[in-house]
Amino acid sequence: MGDAFAWLSDPLAHRFVARGLAMAFLLGVAGGLVGCVLLLRRIVLIADSFGHALLPGIGLAYLWLGPGHTGLYAGAAVAGLGTAVMSGLVNHLTRLPEDAAFGALFVICFAVGIALMSQVAAPIDLLHYLFGNILGVTGGDLWRVCATTCATVMVLCLCYRAILMEAFDAPFLRVSGGRNLLIHLGVLAAVVVNIVAALNAVGLVLSLGLFILPAATAYLWCERFGTMLLVAALYGGLASCLGLLASWHLDLPSGACMVAALGVGFVLSVLLSPRHGMLARLRPRRHFAHDEGGDECSSAGTDTRSKES
Amino acid sequence: MSGHLHHHNHLVLDDITICYRRRPAVHHLSCALPCGGLVGVVGPNGAGKSTLLHGILGWLPLTSGRIVWNGHDVPGRPGVVSWLGQRRSQDGGFPADVATVVATGRYARLGMLRGFQAEDHAAVTTAMQAMGVTALAQRPFAELSGGQQQRTLVARALASGAEVLLLDEPLTGLDEPSCRDLLKRLKEWAQGGRLAVAVIHDLAAVRTWCDHVLLMHRGLIACGPTAETLTPELVARCYGAESTHG
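Heads up: the sequence lines are chains U and A, in that order. Going by this note's numbering, the first sequence opens with residue -1, and the numbers climb by one from there. Going by this note's numbering, the second sequence opens with residue 2, and the numbers climb by one from there.
Please keep in mind that the hints were generated in silico from the structure rather than gathered at the bench. It is possible that part of the hints are untrue.
Unchecked claim - Estimated spans, in silico, between C-beta atoms of each pair: (1) U:T92 / A:R67: 29 to 35 Å; (2) U:C155 / A:A237: 54 to 60 Å; (3) A:R24 / U:R40: 30 to 36 Å; (4) U:L228 / A:H122: 19 to 25 Å; (5) U:V83 / A:L114: 25 to 31 Å.
Note that beta-carbon positions come from the ideal geometry of N, C-alpha and C, so glycine has one too.
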């Protein structure tokens, strides 16, 4: 018990580790929340596209504004939001579906980004933005992440109903007078802002893990949207911290350990989730001879279950 | 046409033309659908039935004419009309129980932050009772049968408080008893002074359950009480029009 406590608390004696842990928690919470929306809208890989699409923004900002972090963040955010708007236009004005529009744009952006990076920065800088270093973040970085996480939580609370409706049945939101495009662009903006916030800490490549893993893990356990958000946020925050602590003790790369820790829970959930895991699916099924739902209509007994039978 | 139709208690389609992909899919169609019943929209594939519903919803602009309910133009006025689309626009794996899905029908009225009031709870309860899903309230939507999911989605539309409900092929994928049950419940709901308009391909079901029928093939073929309108001659004209209109 004492050893476990020491394992958890000893690293906190170092200020930069404490700062890194706070950052890991905040990034995990925001990533989990945004990831839930992406997962339910089936556009998780768009977050990955965004990660790559930010690169030319970073390159151009480095070229024009120098190596200052604020300029680089601004460049990344502009590139990400520009890609979101462009892909939206391509999707709406051509016959290309959304994922193809994103895929095409992100690979172009990534290629341009690599070309720019080769001109403006040493290779080590490129690696830094691809993989990040959460133990090297400054107090300013922490405040920035704190602000983006708080903004993410606030927007999600305010737009909870519209986001739920849009993710479940977008045409019905439209019938109800909702603004689907605004919600869609808002979600994409939240992805961009959170990837930019995570840039220094875990980098472009691994930031996808902060979105997808907590959300996918929660999805395997939860039957309600609200619960899923809560579980994803908490799991994202706590598992990221545990991963960071493991990286400190084992002397391994921090971003990779955070994502790997998130991955452990995901793999266990894939196997063991009592309703949606692999083992549950392999167990013999109950036989529903009659509809147990107590359906009020006379035809209930003839309804066949789409998943359970 | 405009001067002859009473706007009260009818959904009036007055000389409407609606284009889909730049071509008129509904062409100068005029009729009045009386409230208090279930109206079946019948026509061959490509007759413009879904386009008509989209025009009523305001999703496609009217190139000509007006759509009026109780003296007010319908398109672009949320709250008057609700809708159930062809199946699969919903995410089948979405983590929500039946009660939550039905409650989302109230969200448009409540806005972002206003909590559920007694009238909202009552609307949800009434809608669930009308569609026979009260006992399923806590069940995950994803685990319901096709018929139960469909009734849950109709309950959501009813909970919105809309007076006109548009259903685009609501019977697709349902077995015969589920179809019968859904149409019976829709008819009962509409009899309270509301209007349910459903695109239905099964002519036997239309004959049995619909009070009125709208036969169309881009333009109007016939509109009126089912017994008088769904005659073999008019049906043949409606479906035969396919060959002449392409």
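Each hint tested on the structure:
A hinted range of 29 to 35 Å for the beta carbons of T92 of chain U and R67 of chain A is consistent with their spacing of about 33 Å. Here the CB-CB span from C155 of chain U to A237 of chain A is close to 58 Å, well matched to the stated 54 to 60 Å. A hinted range of 30 to 36 Å for the beta carbons of R24 of chain A and R40 of chain U is consistent with their spacing of about 32 Å. Distance hint check for L228 of chain U and H122 of chain A: the Cβ-Cβ separation is about 24 Å, which falls inside the suggested range of 19 to 25 Å.
At roughly 28 Å, the beta-carbon separation of V83 of chain U and L114 of chain A lies within the given 25 to 31 Å, and the hint holds.
When the structure is compared with the earlier hints, no violation turns up for any of them.
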